[in-house]
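Can you build the whole structure from these sequences, using the hints too?
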Amino acid sequence: MKGQIFLIISIIVSITLIILKSNLNIKSILEAKRFLEIGIERKEFENLRNEFLKLTQINSSKDMEEKTEDFLRFLRNSYDSRLMEFRGILINFYYSNPYLNFSFFNGIGSTIKLINISLENQYFEKRNLADLSKFKGSFNIQIDQKDFKNVVVYYEYLDKNSTEIFNITLDPSKITYFGFYHIFLSSERTNLNDKIKVEWIF
Amino acid sequence: MKGLSKTLEAFIAMFVILTVFFIFFSSPIELPEFTLINERLKVLESLKKLDISSNLREYALKNQTKKIEDLLADYIPFGTNYKVQICEAICKKIEIPSERITTVSYYISGSYSKFKPLQIVVYLWK
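Quick mapping for you: the protein sequence lines, in order, are chains E and G.
Under my numbering, think of the first position of the first sequence as 1, with each following residue one higher.
Under my numbering, think of the first position of the second sequence as 1001, with each following residue one higher.
I should point out that these hints are in silico values taken from the structure, not numbers from a laboratory.
Below, simulated DSBU-like cross-link-like pairs (lysine-lysine); rule was C-alpha separation at most 30 Å, straight line:
hint, chain 1, residue 1, chain 2, residue 2
1, G, Lys1126, E, Lys33
2, G, Lys1083, E, Lys43
3, E, Lys43, G, Lys1067
4, E, Lys67, G, Lys1066
5, G, Lys1049, E, Lys197
6, G, Lys1066, E, Lys43
7, E, Lys134, G, Lys1116
8, G, Lys1092, E, Lys33
9, G, Lys1092, E, Lys43
10, E, Lys197, G, Lys1116
11, G, Lys1093, E, Lys33
12, G, Lys1092, E, Lys54
13, E, Lys197, G, Lys1048
14, E, Lys27, G, Lys1126
15, G, Lys1114, E, Lys43
16, G, Lys1048, E, Lys54
17, G, Lys1042, E, Lys43
18, E, Lys54, G, Lys1066
19, G, Lys1042, E, Lys33
20, G, Lys1093, E, Lys67
21, E, Lys67, G, Lys1092
22, E, Lys43, G, Lys1093
23, E, Lys43, G, Lys1048
24, G, Lys1062, E, Lys43
Dropping the structure here:
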């Protein structure tokens, strides 16, 4: 054993070098980088979410439908040029006695197969709503004083479906705007989505 | 003879160590760039703060990029160059004197007086 001391030392040093190299662990460093990049995308998404909320502060109730659609189209174009995807579904309600008007805007990037919108015994259905198209209708509501109505919206998009119940405040002497924005941001790193509700009574 | 075998053994030992070293360490280890990612995060946070505390939106609507750059001056790390561009949905190409550039985009829908979707783009480079 004494005679092979140099060889033993060389084996120990070689093993030490191999352990050092494997402990460098590039994989976890890359994972940390990816985590940071996802964090940036989450912050961006938060910015977009807040802007949809601010939109309702900027515009009058009558313009809300048009402005939310314009903003969605703007973001879609911008993110498409950045090789990411921003998509959304916008449902706008506008109440001015006695009509509760609604619009359902498809900005999801593909056809929405089925939409049902119902309020008590009134019901609207739309099949195969194309991308960047809108479905509109109006409920006739007879009320004498302030009331709360539940509107149920069911829609099928991509391979999923969603049922939303909106409790909307209706006052015959005032105008109500209610908005629901279902927004999505996706990239090769992440898929983010959120549902935003806003209600304004004028 | 004994001395010769020891010398030979030493050479073999050195050869083994050098071979292992060159096999595992000959190609340089490329670590991913973290500095620019951290700076992007800081700039995005800064824009959010400035949106609340200053006239960031008004400057963006008037395309006053120099004023926005002045607002950002306190938040950009030392040694990092930056430039602000105000774009609509798609930005026009601008010349930046570097190959390693990163960008931060901050979107606004307008201000209280005007609906005008824009993106505030900050280009960062070393």
